[in-house]
Structure formats: C-alpha cells, structure tokens
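A.B. asks: Below, each chain spelled out in residue letters.
2 protein chains.
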Amino acid sequence: MKTPLVAPELRELIQRHDISTLQDFCKFMHPMAVADYLSTLPPHDIWEVLRVLEPNLRAEIFSNLDEDVQLEVAESLTRDELAQLISDMPPDDRVDLFKKIPPEKQDLILPALAKAEREDIRKLASYPEGTAGSVMTSDYVALPPDITVREAIERIRLEAPDRETVYYAYVVDEKRRLIGLVSLKDLILAPPHKLVKDIMYRDVIYARVTDDQEDVARMIQRYDLIALPIVNGDNVLVGIITHDDAADIITQEHTEDLEKFTAIGGPHEAGVYMKTPVWHYFRYRAPWVIGLAGLELISGFIIHSFEETLSSLIILAMYLPMMAATGGNTGSQTAALVIRALALGEVSARNFFKVIFKELQVGLLIGLLLGLLLWLKVSLFAQYGQIPAGLSASKVGFAIALAFSLQVLLATFLGASLPLAASALKLDPAFVAGPTLATLMDILGMLIYFSSAKIILNL
Amino acid sequence: MKTPLVAPELRELIQRHDISTLQDFCKFMHPMAVADYLSTLPPHDIWEVLRVLEPNLRAEIFSNLDEDVQLEVAESLTRDELAQLISDMPPDDRVDLFKKIPPEKQDLILPALAKAEREDIRKLASYPEGTAGSVMTSDYVALPPDITVREAIERIRLEAPDRETVYYAYVVDEKRRLIGLVSLKDLILAPPHKLVKDIMYRDVIYARVTDDQEDVARMIQRYDLIALPIVNGDNVLVGIITHDDAADIITQEHTEDLEKFTAIGGPHEAGVYMKTPVWHYFRYRAPWVIGLAGLELISGFIIHSFEETLSSLIILAMYLPMMAATGGNTGSQTAALVIRALALGEVSARNFFKVIFKELQVGLLIGLLLGLLLWLKVSLFAQYGQIPAGLSASKVGFAIALAFSLQVLLATFLGASLPLAASALKLDPAFVAGPTLATLMDILGMLIYFSSAKIILNL
Numbered sequence: 001m002k003t004p005l006v007a008p009e010l011r012e013l014i015q016r017h018d019i020s021t022l023q024d025f026c027k028f029m030h031p032m033a034v035a036d037y038l039s040t041l042p043p044h045d046i047w048e049v050l051r052v053l054e055p056n057l058r059a060e061i062f063s064n065l066d067e068d069v070q071l072e073v074a075e076s077l078t079r080d081e082l083a084q085l086i087s088d089m090p091p092d093d094r095v096d097l098f099k100k101i102p103p104e105k106q107d108l109i110l111p112a113l114a115k116a117e118r119e120d121i122r123k124l125a126s127y128p129e130g131t132a133g134s135v136m137t138s139d140y141v142a143l144p145p146d147i148t149v150r151e152a153i154e155r156i157r158l159e160a161p162d163r164e165t166v167y168y169a170y171v172v173d174e175k176r177r178l179i180g181l182v183s184l185k186d187l188i189l190a191p192p193h194k195l196v197k198d199i200m201y202r203d204v205i206y207a208r209v210t211d212d213q214e215d216v217a218r219m220i221q222r223y224d225l226i227a228l229p230i231v232n233g234d235n236v237l238v239g240i241i242t243h244d245d246a247a248d249i250i251t252q253e254h255t256e257d258l259e260k261f262t263a264i265g266g267p268h269e270a271g272v273y274m275k276t277p278v279w280h281y282f283r284y285r286a287p288w289v290i291g292l293a294g295l296e297l298i299s300g301f302i303i304h305s306f307e308e309t310l311s312s313l314i315i316l317a318m319y320l321p322m323m324a325a326t327g328g329n330t331g332s333q334t335a336a337l338v339i340r341a342l343a344l345g346e347v348s349a350r351n352f353f354k355v356i357f358k359e360l361q362v363g364l365l366i367g368l369l370l371g372l373l374l375w376l377k378v379s380l381f382a383q384y385g386q387i388p389a390g391l392s393a394s395k396v397g398f399a400i401a402l403a404f405s406l407q408v409l410l411a412t413f414l415g416a417s418l419p420l421a422a423s424a425l426k427l428d429p430a431f432v433a434g435p436t437l438a439t440l441m442d443i444l445g446m447l448i449y450f451s452s453a454k455i456i457l458n459l
Numbered sequence: 001m002k003t004p005l006v007a008p009e010l011r012e013l014i015q016r017h018d019i020s021t022l023q024d025f026c027k028f029m030h031p032m033a034v035a036d037y038l039s040t041l042p043p044h045d046i047w048e049v050l051r052v053l054e055p056n057l058r059a060e061i062f063s064n065l066d067e068d069v070q071l072e073v074a075e076s077l078t079r080d081e082l083a084q085l086i087s088d089m090p091p092d093d094r095v096d097l098f099k100k101i102p103p104e105k106q107d108l109i110l111p112a113l114a115k116a117e118r119e120d121i122r123k124l125a126s127y128p129e130g131t132a133g134s135v136m137t138s139d140y141v142a143l144p145p146d147i148t149v150r151e152a153i154e155r156i157r158l159e160a161p162d163r164e165t166v167y168y169a170y171v172v173d174e175k176r177r178l179i180g181l182v183s184l185k186d187l188i189l190a191p192p193h194k195l196v197k198d199i200m201y202r203d204v205i206y207a208r209v210t211d212d213q214e215d216v217a218r219m220i221q222r223y224d225l226i227a228l229p230i231v232n233g234d235n236v237l238v239g240i241i242t243h244d245d246a247a248d249i250i251t252q253e254h255t256e257d258l259e260k261f262t263a264i265g266g267p268h269e270a271g272v273y274m275k276t277p278v279w280h281y282f283r284y285r286a287p288w289v290i291g292l293a294g295l296e297l298i299s300g301f302i303i304h305s306f307e308e309t310l311s312s313l314i315i316l317a318m319y320l321p322m323m324a325a326t327g328g329n330t331g332s333q334t335a336a337l338v339i340r341a342l343a344l345g346e347v348s349a350r351n352f353f354k355v356i357f358k359e360l361q362v363g364l365l366i367g368l369l370l371g372l373l374l375w376l377k378v379s380l381f382a383q384y385g386q387i388p389a390g391l392s393a394s395k396v397g398f399a400i401a402l403a404f405s406l407q408v409l410l411a412t413f414l415g416a417s418l419p420l421a422a423s424a425l426k427l428d429p430a431f432v433a434g435p436t437l438a439t440l441m442d443i444l445g446m447l448i449y450f451s452s453a454k455i456i457l458n459l
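Protein chains in written order, with the numbering used here: chain A, 1 to 459; chain B, 1 to 459.
Worth flagging that the hints you see were computed from the coordinates, not collected in a lab.
All C-beta atoms in this analysis are idealised placements derived from N, C-alpha and C, irrespective of residue type, glycine included.
Incorrect hints may have been included.
Straight-line distance between alpha carbons at most 30 Å, and here's what the computed DSSO-like set of lysine-lysine pairs gives [what the hints assert, rightly or not]:
1) B:K354 / B:K275
2) A:K354 / B:K275
3) B:K275 / A:K197
4) B:K123 / B:K175
5) A:K354 / A:K395
6) A:K175 / A:K197
7) A:K100 / B:K354
8) B:K27 / A:K426
9) B:K426 / A:K275
10) B:K175 / A:K27
DEER-style ranges, computed between Cβ atoms [stated by the list, open to error]:
11) A:F413 / B:L364: 36 to 42 Å
12) B:D203 / A:P191: 54 to 60 Å
13) B:E159 / A:A125: 41 to 47 Å
14) B:K377 / A:G390: 50 to 56 Å
15) B:K175 / A:Q23: 29 to 35 Å
16) B:K175 / A:P145: 44 to 50 Å
17) B:A389 / A:I456: 45 to 51 Å
18) B:K100 / A:E154: 42 to 48 Å
19) B:R176 / A:T148: 35 to 41 Å
20) B:S39 / A:R79: 55 to 61 Å
21) A:E72 / B:L364: 27 to 33 Å
22) A:L364 / B:K377: 38 to 44 Å
Please build the complete structure, drawing on both the sequences and the hints.
C.D. replies: Here it is, written out as structure tokens:
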C-alpha cells in the first residue's frame, strides 16, 4: 500500500521559500496528504504554507486538519484572515469549527462574514447534535426541471469548484421542493437537447433534517449512494450528506458501541488515542470500574448470606468463578448479536418474541450441553473428601449442573430481551449490554447457584 | 426518513402482467429498492420479473439481492440464462456468486461464457480471501495520457453504461501501468483541447492486490475517495475498489470485532440474524461458553487451594466476585481503546512503550482510588465477627485494597500489551481481548487476592 510521502519534499520547499513550486505541489497532492504533513508543523508554520495557496485549496486542506489543530491555527489568525478562511470552507466543516470557537470570538467573526455565509452557519448550527441536519452540508447542485441536459451540464460546470459533490444534481421546483435526481453519468449519457425532467429519477431516496444521523448513514451505505438529499418538514431541499461523512458517522457509532460494551460510557467525544490526556480517560473510566465494583458487593452479600451452605459443601467454591463468568459470557454473546442486528436493521422491537424464542433455543442447547458436562465431571471426578457424608457425588453434580443450565438460559433471555426493550423505549440498546449485563448475571448467578444447592441437597 | 415503498405497486403490475409499466417502474426505482421487494417473492417469481427487464438492469437488480437468494434464483435457471446473467453482472459481484456455486455447476457454466468473462472470473477468484484483490472489480475507466479532455469525455460516455463508477478515470501507460488520475469533475471543468496528462493528478493514492482489505477500506475512508485503484506487483492497474464496497468491508469488520469481544469467534461468516439457523449459532457459541467455563476451573482450583485462608477470614468471600469482575472490566476498557486505536491507525506496535506508559498511569489512578475506597469501607464498616481476633479491620482492609490496586494495574498492563503484541505478530488484536482477557484476569485475580491476604495478614 502506498500513501504519499510528502514530508521531505514539502519541508525543503518551505525552507527554500520556493512559493511557486509549493503551490504546484499542494495542488497536485491529495488535500488529506498535505494536511497529514502540515499537522506535524507548529501552527504558525502551517499558516505560512496555507497563506500562499489559492483560497479554495487553502480551505480544503485546512478542513482536512484535525479540529484541535484547526483551532490552534485559527487562534493565530487576524479576524479578517479567519473570516476569509471560514467563508471558503465547506459549510459542514465550517460549522463544526465554528461551534468550537469560544462565543466571544464567534461574535467578533460573524460581522466580518458575508450575509449568506452568516445565515448558513446560523442555520446549520441550529440542528441538534445527532440529527441529519447537524451533519449535512449546504454545498450541493440544484437544477430546475425544465432546462436541457446541455444547460444542466453547463450549470454544473459553473458551480463545480464550490460544490462538495457534482456527481449527483438534485432537481427542485420553484419552491425548492425536491422533485428529482440526475447523476452526472446520466447527464453525459443523455442527448444534449433532452429536458432534465425527462431523464431524472423521480423516486428519490431522501431523509429529513430531524432523522437520526446513524439511520441516515446506514441508508447511504445500503443504497450505495454518493450523497443523500436532506429535506425539511415542507419537503424543501436544505442539504446533502455525502458518502464520506456517512462512513465517518458509522465508524464513530461503532466506536461508541464498543465503548459501551467495555464499560467506557458517558457523554464524551471519542478523541484520537495518543492525544487524549490520561486525566480524561481516568475521568470516564474510573466511574464505571468503581460503580460496577460497587454492584458486585451485592454478589458478595449473597455469598455471605449462604456462608453455611458454602462451608458445609466446600466443592461449591470450586465452581463459583465459573458460574459468574458463564452468565456474563453467554449474556454478552446474545446481546452483541441482537444489538448488531438492531443496528443493521435486520430485526426490530416488533420481532421481540421471535428473537427471544430463537435465543432461548440456543440457550437451552448450550445450557443442556454445559450442564451434562459438569454433571459428568462432578459425578465421576469429585475427589475424596469433597462430598460430605449423606450426599452422593451424582446428586451434588446434578445441583451444580441444574444451576448452570438455568444460568445460561436466563443469560440468553436477558441478553436478548434487555436490548430489544431498550430499543422499543428508544434508548440505546448497547447501554444495557456488556458489563452492566455481566454484573446483573453475576448477582442472579450467585442466587441461582446457592438456591439450587440448598433446595436440591437439603442443606 | 423515506425508503421507497414499492411492494403494493409492483405486486399489482406482476398480477396484471403489465410488462411495459413493470419495465418502466423498475428503471426509475433504485435497484436496491426493487431487490428488497423481490426478496419477498419465491425464486420463480423473482425471475419472472427480472426476465422481462433490459439485461444490464436485470443484472444490477440481481446483484443487489442477498447471496442466498441469488443462489436460489440461479438454481431455477437454464445454463444459458445463468451464463447470460453472470456475464452482465458487475465483475466483483459475479465472482462472489460464482464462488458459491457448486464446482460441478461451475464447470457447466464456464464454457457458456465468453472468453473475456471467463478469464476475468478466473483472475478475480484467484486472490486469497481478505486481500484487496478479492474484493476489487475490473469495471473501471482507463485512459491513455495523450488524448484531449474532449476525447476523454467521449470515451467515458461510451464506456459509462458498463462501468461501476465513471467519476474517476485512471490514466495508464502503454503497459497499463498506473500513472495518473482524472476525475469527471476535473474533465468537465478543463478546456476541451487540453491533454489528459496535463490535468491529471500524478501522485495517485493506490493499493496492491495483496494488501489487507480492511487497510484499503480505511484508506478509502480516510481520503474520502469514491474509488481506489489496485495495482499488481508490476504497478499494472488490475482493478478498483469503490466507496460502497469499502463501507461494507468496514461494517463487516465492525461486526467481527464486536463478536470477538463477546466470545463469538471462529471462522464463520456473519449472516443475517433472522435467517441464521439456531444450530449455526449453537455451533459457534457453545465452544466459547464451554471453553471459557473450563478455564474458570483454574480459578476454582486456586480458591480450592486457599481454602484455609478463606475459612479463617470469611470476609474474603464477600469481595471475591468484585475482584473477578474488576479485573475483567478494567482489562476490557483498556483493550477496547487500544484495539480501536490500532484499527483506526492512531497507534501501532511501534508505540508500545508510550501506550503502556499511558495505560499504567490510568491504571494507577483508578487502582489507587478503588483501593482507597475499599480500605475505608472495610476499616470503617466491617461487621462485628467478620474480623477474627488478632487482626485489625484496617489491616484486613489494607490487604484487600492492595490486591485490588494491583489487579487494576495488571489489567491495564495486559489489556494494552496483549493487543499490541498480537498486532506486532500480525495476529488479530481482538482475539486476545474480551472474554479471553477477562478469564485470564479472573485467574490472576484469585492468585493476587489470596496471596495478598496470606502474606500481609500472615494467615
């Protein structure tokens, strides 16, 4: 694999102050590759390079920097330089940066922007985080339905330098309501004199500003789209979400899922690992470790209250860690499958009983197999002295095996039903899975284990 | 959000045998939307609809069906119908289907295909699973460097109906070595008489057929590409991977990561939840549940061997489940963060010591805080009778707190170092995380816990 190695060449050009070669070089490189290199320089030097570039290219490279680097560079600019740069940025990246700038500085910059940009920023910033509106861009190509293919291509040519994608053009009526879609491919294939309305797709796949950003990203992925149009409540086209932003949303959501599965929760943003300070990780991880440890006190109290049972049949202590682990493992398996299927839209809360029924079957099979193995293990291999007088190894084995079978069955039931119930209540299913579920299974497991021993063996 | 609701209209058209409306209808719908609807019909009826469509559209809709539905439909076709359909499919989907067809049937179909298609299938099928070669398509636009922009657009126009994407065209020399890239946007913006070689990007981002498919997919995502060219060892262009296939690869890898984190491993393909039989889930989940339960026997033996310590200080039983859970939770947190950072390319095995150092700091902070809280809890709130004569509650608290601090520190160390070591050895880091790590921490935790009590308290 090859990613462009620009560092040595760029460094030389900067040192030699060879502006024209520098300009050419940045023009023919991928903006992300230039941004990757610039990130290794101090903010002042980054601006030294960006300053000499043509405004659109400058804004594009700047948009590819990490947001914290963007902020550092922005700090060192004059009000007018910053206003100019912000004007040239793609609308979605611009509003993301703007939201991070301290409010007092925002108030300084806003008056320096043209009215159109100012209103665009205000509008995009007004959508709540997590909605399609908050991640869309307003840089799309819109066409009227009554122009010819030749005219459409000419319009796209004029608008292309400023647009995020020109490969899809959206057809809108006089009130800017979305009525169709033509791809650039369709346009170059069609006879030049044909009307746009005669070649456009009328059944456009779209989403609303208020839709969940993850649902919209999955739609873009499912339909293999380069971009998806976003409309407001009146079906007026207000923006698009592009395939690359959709991919970023899906990756971000996956990181969050994995974090919830591994006891790193809370309303924090997942940052770049190396740059995130130790203190930040401590703050978000410690409450989980300590909170879950606190809950395990309940399991401890249960053991404590069955102390007599435990001391009269010390072989029970042998299988205690296995009992706790098995509940958590089985529950996690089930929850992971169900949550994934929910996220990919393969099942919904409406399938509640079907999913539960399926998981109970899997749980029954695993539980019976594990129970059988444990019964054989205890009956055949219990060491001399482990089984007190008056009890048979086979009966003790049965009590232990029964507890394990019940625990596996219960773990599949809760592992499936808790995420489904959360989803039906519009909560995040991943929150009731992972360590929370494992802790719950520990507590229930201890209860089942000692109760089974006490009842079956009359202890 | 709105996905096209085609079912009622399509059903009516099929019942009325209204072929021409059906043809029109399918032409202006998204192929995936048509495929979604067709999936609800029996294989024979699916073919009844596809049969009347124009071959390219037929193949495109067919490619959007799930692979098991594709196979069912393929079963019901004559050799010639199937050969025709396979010829018209996109090369990457075609080879995926072909690999699923039983070998004896493959041998029947191959002679019915044109030589070009036959060789294309053989070539694409020859790349090992998991490589860029195995997921690329051979439907790309290639241009020579010495033609004009006008000629280039004309060529794209001619090739467009058969190409997966026409938005990037790859410039190759007379030996088909990759030397540049032009986007359709650049072409429509450039003066028509300019030469392709004068406007092309020369620093093309590319990958090799042997590169890992996940790395390539992440590259497409990082650089916001619509497609990435794939070259062989001689830099000859052999295929492209498009953004939508990259998104599918990333989602597939997400699913596999989550499965490894939740004890669902093994070389199985993640299928659609509702369609995957109970037996399949049993086969892949039972070995994990039972294997991990087996390993917990080691924890059991450790408790067994410290039986005297346990019975002389029964308060230890209270904190036993907490000890096991804390090791697993802390280890999982760390491993999840490190594995995610590895997957996103934020850290690599070269950062081994930096990552370990960072995690040890987080572990130390969490360990000290948890230890302090436990020491206070035991010293101040130990019930009468829990602390045997000759021992102070504060000393018992110290022994327990020390064990927990050490356990948290060890969990962050192993949670970070095992995935990094796996990555350095080119193994999958996710395999040494999740339940495997939790089980290891259970075993180590029991050792640390009872040793600490025995040594500090002289039991």
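A.B. asks: Between the beta carbons of B:R176 and A:T148, is the distance compatible with 35 to 41 Å?
C.D. replies: holds, 38 Å
A.B. asks: Go ahead and decide if the range 29 to 35 Å is satisfied by the Cβ distance of B:K175 to A:Q23.
C.D. replies: Holds - the Cβ-Cβ distance for B:K175 and A:Q23, about 32 Å, lies within 29 to 35 Å.
A.B. asks: Quickly compare the C-alpha distance for B:K27 and A:K426 to 30 Å and report which way the hint goes.
C.D. replies: Since the Cα atoms of B:K27 and A:K426 sit roughly 37 Å apart, the hinted pair is violated (cutoff 30 Å).
A.B. asks: Between A:L364 and B:K377, does the C-beta distance stay in 38 to 44 Å?
C.D. replies: Given range 38 to 44 Å: holds, Cβ gap about 40 Å.
A.B. asks: Checking one constraint from the list: CA of A:K354 to CA of B:K275, max 30 Å. Satisfied?
C.D. replies: Satisfied, since the Cα-Cα distance of roughly 12 Å is no more than 30 Å.
A.B. asks: Falls inside 45 to 51 Å, the C-beta gap from B:A389 to A:I456?
C.D. replies: violated, 36 Å
A.B. asks: Compare the distance between the alpha carbons of B:K123 and B:K175 with 30 Å, and conclude whether the hinted pair is satisfied.
C.D. replies: holds, 18 Å
A.B. asks: Falls inside 54 to 60 Å, the C-beta gap from B:D203 to A:P191?
C.D. replies: With Cβ atoms ~37 Å apart, the hint is violated.
A.B. asks: Tell me if the straight-line CA distance from A:K100 to B:K354 falls inside 30 Å.
C.D. replies: holds, 29 Å
A.B. asks: Could you tell me whether the CB distance from B:E159 to A:A125 stays inside 41 to 47 Å?
C.D. replies: holds, 43 Å
A.B. asks: Per the hint of 55 to 61 Å, is the separation of the Cβ atoms of B:S39 and A:R79 within bounds?
C.D. replies: holds, 57 Å
A.B. asks: Is it true that the C-beta distance of B:K175 to A:P145 lies inside 44 to 50 Å, as the hint says?
C.D. replies: Between B:K175 and A:P145, where Cβ atoms are some 47 Å apart, the hint holds.
The structure fails to meet hints 1, 3, 5, 8, 12, 14, 17 from the earlier list, while all remaining hints are met.
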